[in-house]
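Spelled out from the first residue to the last, the chains are:
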Amino acid sequence: MFQGNGNGQGGLFARLYERLPVGAKEAFRILGAFRTREGRANVSQELREKSWKWADDTMRAVSAGMGIADVRALFRGDPPVEKPNPRYKVFTNAFFAHIRPRYYEKSSTKFTHTFGLGFLSAFTFIVESITGIILMVFYIPEQDQAYQSMVKIIAEVPFGQLMRDIHRVGAELMVIFVAAHMLRVYLTGSYKHPRQFTWVTGMILLLLTLLLSYSGYLLPWDQLAYWAVTIGTSMAKSAPPKEILGYISNLLLRGGDTIGQNGLLRFYLLHVILVPFITVILISVHYYRVSRLHGISLPASEEESPDPAVRKAAKERLDYLPEILTKELMWIAIGVFAITAFSAFTFHAPLEHHSDPYRTPLHTTAPWYFLWIQGMLKDPWVLPILRGIRDFIGIDLVQFYDSPAVQGVILPTVVFLVLFAVPYIDEWWERFRGKTSSRQGKNRKLGLAMGWGAVILAVIFSYFGTPYFGVSAPPAVEIGQEFIPEECVLPPIPLLLDDCGEVRRMGFEGLPVGTYNLSLFGSLSSDAEEFQKMLGRMQTRVAKEAAHAKDTGNKAGLPAAEGFFIVEDWQKDLKKVTLRITWTPKDESDSGTYEKILYLHKDSAYE
Amino acid sequence: MTTQLKIMVGLIFTLLTCVPLAAIAVNDLGHDFGIVSKTQRTAMQEREAALKGREIEAGADNYGQYCVGCHGKQGEGIPSVAPAINRRDLLDGSYQKRIGWAGNVPDFLRNTIAAGRPAPSRPDLFTVRMPTWSNQYGGPMRADQVDALVAFLLNWSEDAPDIDAWPPAAATGPRPTPAPGAAPAAGAATAAQKCTAMPAQYAGKKLPYKSDDRTAMAQGKQKYDEVCAACHGTRGRGDGTAAASLNPKPRNFTDKQYMQTLPLDCHFWITMEGSAGTGMAPWKSLGEDTLWKIILYERSFSGVY
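Quick note, the sequences are listed as chains A and B, same order.
Under this note's numbering, think of the first position of the first sequence as 104, with each following residue one higher.
Under this note's numbering, think of the first position of the second sequence as 50, with each following residue one higher.
Okay, chain B solo, but in the shape it has when bound (with noise of 0.2 Å):
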């Protein structure tokens, strides 16, 4: 090759290296140099937007992971145990304002779902305490996780539902605390002292299902980890990720002893009016049939029936 051709061959390529970089800046500066229109996405905004796409699948993952014990599937809420947090006012930040915080909403959510509350905020509407989950905080969560975990909950901003979360409190006040000697010791080892206090019409009652029901016991194992596994944990040990905050602690359904204590009139009659003095609520609301393939199901943790 002679010298010149060299050169000129050289020459080629260091002009041809400026297509792609000229693909790149149309890419990643199109509006700035008014190549591309405003109304079109430039390729970096599609990059940002699908790491933002991506920063959201893992909030929805840790969501599955962390949250829907307590706030639901959806989001919803779970009655007696922890609020909405799909709904319109907290997310367009109504909700902030109307408390008097002069933040933005996505650090409200950041700073409430790392630090948690000291206190049940409501403890007259949901008996369960927001725990710390930042590992700044002694939380499982790290950093970003939080931050993913805000960007799936600003997710919902566009199509929340209006939900008041929060009537003003009951003119009763807090929670009514159980007369003495009423209250069971927590963690009791029989079941006997409290079922005495059971009506008349509980007594007898018997499980509709056979114990080899499957498609009962799977209604329930839906139903249950869907209201219950926030307290008592998804194998039915107490252990569910509010029980931190709760005293006394969840039933432990796995403990063969106190179950057998335990009868189903009993089992029933607490489930559906709750139990006074702990943080379990009357649950008379999910219907006898629903309730009935929950006991199914957290009878199934013992094997006592």
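Isolated chain A (complex conformation) (with noise of 0.2 Å):
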């Protein structure tokens, strides 16, 4: 607006004009257009498209090469618009993508070939750090305070208890997509050459989420975290030669002889920093082996056809912008939605008793997925074969057989090693037989079948490990337990909610106050109601004891066994109930009775 002015007096102006910065320049200059319609027009115009740049510039930032347009479309389906194509520059600027693969070969995505397996474990390592960190802010790793801190959580912060479900369920869920994992490689032979290293870094990866979800099962510091734990490191301690290796081992993991403040301190720190520490970098190597350097395995039907068409087609490009990135990301809004739908509806994780180190419950496990170890410990199968082998042959290996130190720890170290050693085995044997490498089911039926027979045999270890098998308590004992167990019992199959027993189920209103001769109970009509229906169950249990004595001559069960119910008015709200169980006494030792008391609070919600 000065420009115009003369050279007279305007002269002052013009070179105070001249000395402004360009910026206020600018603003004259912008001020000065608003004068005219045409001016106001081209400075709007000139305003949309600096915001414009600069919308696309920080997008192109964010996205480490794409525009605007190029992300609109991306996300619309629709081919590039930018040439060259910008979605692979993404690839080589930006960090996260970076990790990522350019494209999969088309075969190596259909879902009956990996079922996601991978991914789905990733998953679930991201949800238990995600949680895990929530959980961290309320939990005191300190053995007076660490139950406190469990039941503040569930009781008192919003969103606790659903976090800590989430937390057990992503634990749980991360075992079984791991295991799953490492079954589906197996089974499609993907271990083979020249992903045999890859197999490797999978199994540490397997033995570092056996330790995750193992070092967290201490911390709610319950009786269920205590004595699983204590039972695990016991298995350490026998660790040959026991005077050197059992003994340090137990030492450092205990940090005593037994499970105290500094055994707490040392699973935490494995928990929440150590371990996870160690699988974030595992991983990143076995991601880095998959994706970069070998890419996901083709399914082998198609990788060995003979048809080139077919295996050209098995490698058709799917570009990982947009097609697998909006796949992912759907499956994490699904995965998330489900995995947070089972915890707030459906799964509760248990919390048990405060830690008692003076009361061992009746049948202590290890966690599921341990339970095999614990049935290798009393499997009816080898001792007997052993034996007979020597009392056939002569060679003795039972003495050898029959120690913990064998059955606790080197046959599952014996196990791993083998499983480590998979795909070496594997090579060798195929060298051995002249072959050549064949990733099809037909060509390695022996392997299927030692796979699905390692299957089998774990399940029937794992049944072995269970308190049905081979354990048995003295049988008034066993009754206490089935009716009132100390514990609500964790099933051995993950996921499903434990069982709190009969007694409690039928819950502080249900328990009529009165004492009850169990005998009374035999035989009920139809239309009885639940509580005598519950008393009639125990009649039907204790008269098979008296029977069972009755046929032995005495020498199993409970001779004329009679039981009594009573229930108390102990308290406010709280009432005692006591499971009698008499009997003649089979000898000296014998008391001849049996008590089983529980204090049911009326709130306390066993369900």
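Note that these hints are calculated values from the structure, not bench results.
Any given hint could be a false lead.
As the list claims (entries may be wrong) - Cβ-to-Cβ under 7 Å is the rule here; a few derived chain A residues that face chain B: (1) Gly180; (2) Val184; (3) Ile437.
Stated by the list, open to error - Listed next, the stretches of chain A that the computed footprint assigns to chain B, with coverage defined by at least 3 CB atoms under 8 Å from CB atoms of chain B: (4) 426–434; (5) 670–676.
No experiment lies behind these values; they were computed from the predicted model shown.
Don't be surprised by glycine CBs; every beta carbon is placed ideally from N, CA and C.
Using the hints, put the two chains back together into the complex; each one sits in its own frame.
Set out below in structure tokens:
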């Protein structure tokens, strides 16, 4: 607006104007333009262009190479709008895209080939990390406060129970997914050359997953936690040579002779720092080998097809952007929904009584994924076979085998070592047979049979590891445990709810005060009340033991057993429940009576 | 699946995730949001109550294990052993106020249980000293067990009876110490010396029950467990929970040699009148018949009738 003025007195303004900074000149120019309609239109047009460029640049920076138009096209599923294709630029510029492949080979993404198990394993690991960090805010790794902080998380922290439930569900799922992933890789022969070492890193990840889950087991500091970990570390204690390795590993893990404050802190640090740290590194190595080095394996039938057209079609490119990315985001959304809904409506992580070193629960078991090891300690097959070998052939392995060191430490170690070596054993075997390597099922019937055989054995041995097999407390104690277990019993199958026993399920209101002679409830009409039916079931169990005693001439069972069920009002909203079983003592050491006492509060809500 | 369909499905599930989250929000924050009326419990409060209930259950269990012996089945106390603790003034804070305790009731109970008392507070009323219970002070209980026990005791609050467990100390002062010579040496090998002081009306008293009378024995056991086991132990070994703080130690009924020197009439007399110079209180108030049943049971530990 000043340029137009002449040289006279305007000269001063012109000189002043010359001295103004560029930005101020620009501001005057825009203000000047506002005088006309055309000028205003120009300014607005200019502004729009500038903002667009700014936004586009920002998008290019964030997406590492793609402009707004291209991102829009990407998510609409349209082809790229710019040339050269900016979507590939992302993979050289961006860190997170850098670790993903540019494209997948089409057949390797078939759901029935991989079942997405590697993806799901990684997904659960991230879920665990997020919920774990939230739980860390409220958890105190101190033996007098740990349990109290669990109570606080459940009862006082908004969304606290949800976080804990998701963390628990995710942990179980992670073990399931990782194990299933291993099985899948074995069955499709994907561990074969050139992916042999990838299998080894995967095996390390399997061990780390088990260690993560197991080290987290101790942290709630309840009876379940304390005794499951006591069992596990006592296995480490018997590692040979017991006086050196066993002693040291026990001392390192427990931080003392038994698990106390030191042990809790050690497991906490293992769980939240050391193992996750190593796991992240190993996941990186594992994933780098999968994504960058060899890619996901193709289905064997297509890779080894005699028809070149099939082989070519299998390798057709499927771009990561946007095909795989949107697919992954979709599955993440579905996964988050599934795990949240399941934790909110169905599953609640159990919290047993505070840990008590002086009260061993009746049937302690390892977590379900270690039940097979516990099963090896009491399987009914190997020892008789070894005894037979000793008696008929003369090679005595019985003494060697019959020790916790061999069954609890050496054998599991051998199992894992064999698993580690699978690709190399496989290669050696193929060379020994003089066959060309093939991943197809029809060419590796022995391998498949061994794989499924191992799965079946693992299931059978896990069954041997459960309390349903080969463990028996005195019969009266078993009856007590059946109806009034000390703790709510976790089923050996993951993600099912725990069972608190019939009496607790009956609830405070469902247990009328009185003394009940069970023999009066032996035969009930079908319209009897639920409570009476329960007494009837107790009587059936007691009568069974009495009959068993009769049959065996009082050697087993409970001779002339009688049961009483007593419910007393004990305090406000508190009832004392006693299950008393009396029988004729079998010998001097037999007291002839057994009592199981339960205090049941109105609010305690066992379901 | 086309890209747009995948994005759509992803969005739908993201929105669906809000359903469980909203349900949890109502459960956990219903009061804060004003969705659940203040008179109703939210699910989180129900969980809190459930955990509190389970703590009370654990406390009841501990009470049955450690406290019943001296304070009685329902906290009603046992005469001469330990005071009632289900009484109103202890649980509503008036007792604490009277003795000048500035803290709250749970802390008073917690500290009393954890650290016990250095000496019997009222030797004229109760002979037994409250032992230390927390493992912090060498007792058997963990901190959480003491807490659970406190929760159990406080659950009596609402229907605790008004009992005056602490009448003013008797004018005669503390329990009279017996004259020298009359007191038997602790753990004396025979009871003969003690029994010489037995009044004539007790001489020659005999068990009104046969030694194999199981009904009387069972009744005797029930009463024994209630009032005697605190000091004499559930198995008659003289090792009850309260025994640690007693000197001389409670009699060991399984000691055959000693029991042979203790005739039934003398046993009955001591049970009726108490034993001077020891923690043994007179139990006349229970009635002769009950005492005979108890004696029948006590004798069964050694088998000497």
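Results for each hint:
Against a cut-off of 7 Å between C-beta atoms, the interface hint on Gly180/A holds, since the closest Cβ of chain B lies about 3 Å away. For Val184/A, the interface hint is violated, since its Cβ never comes within 7 Å of a Cβ in chain B; the closest pair sits about 15 Å apart. About 5 Å separates the beta-carbon of Ile437/A from the nearest beta-carbon of chain B, less than 7 Å, and the hint is met. With a threshold of 8 Å between beta carbons, the proposed coverage of the stretch 426–434 of chain A by chain B holds, since 5 of its residues qualify and at least three are required.
With a threshold of 8 Å between beta carbons, the proposed coverage of the stretch 670–676 of chain A by chain B holds, since 4 of its residues qualify and at least three are required.
Checked against the numbered hints above, the structure breaks only hint 2 and satisfies the rest.
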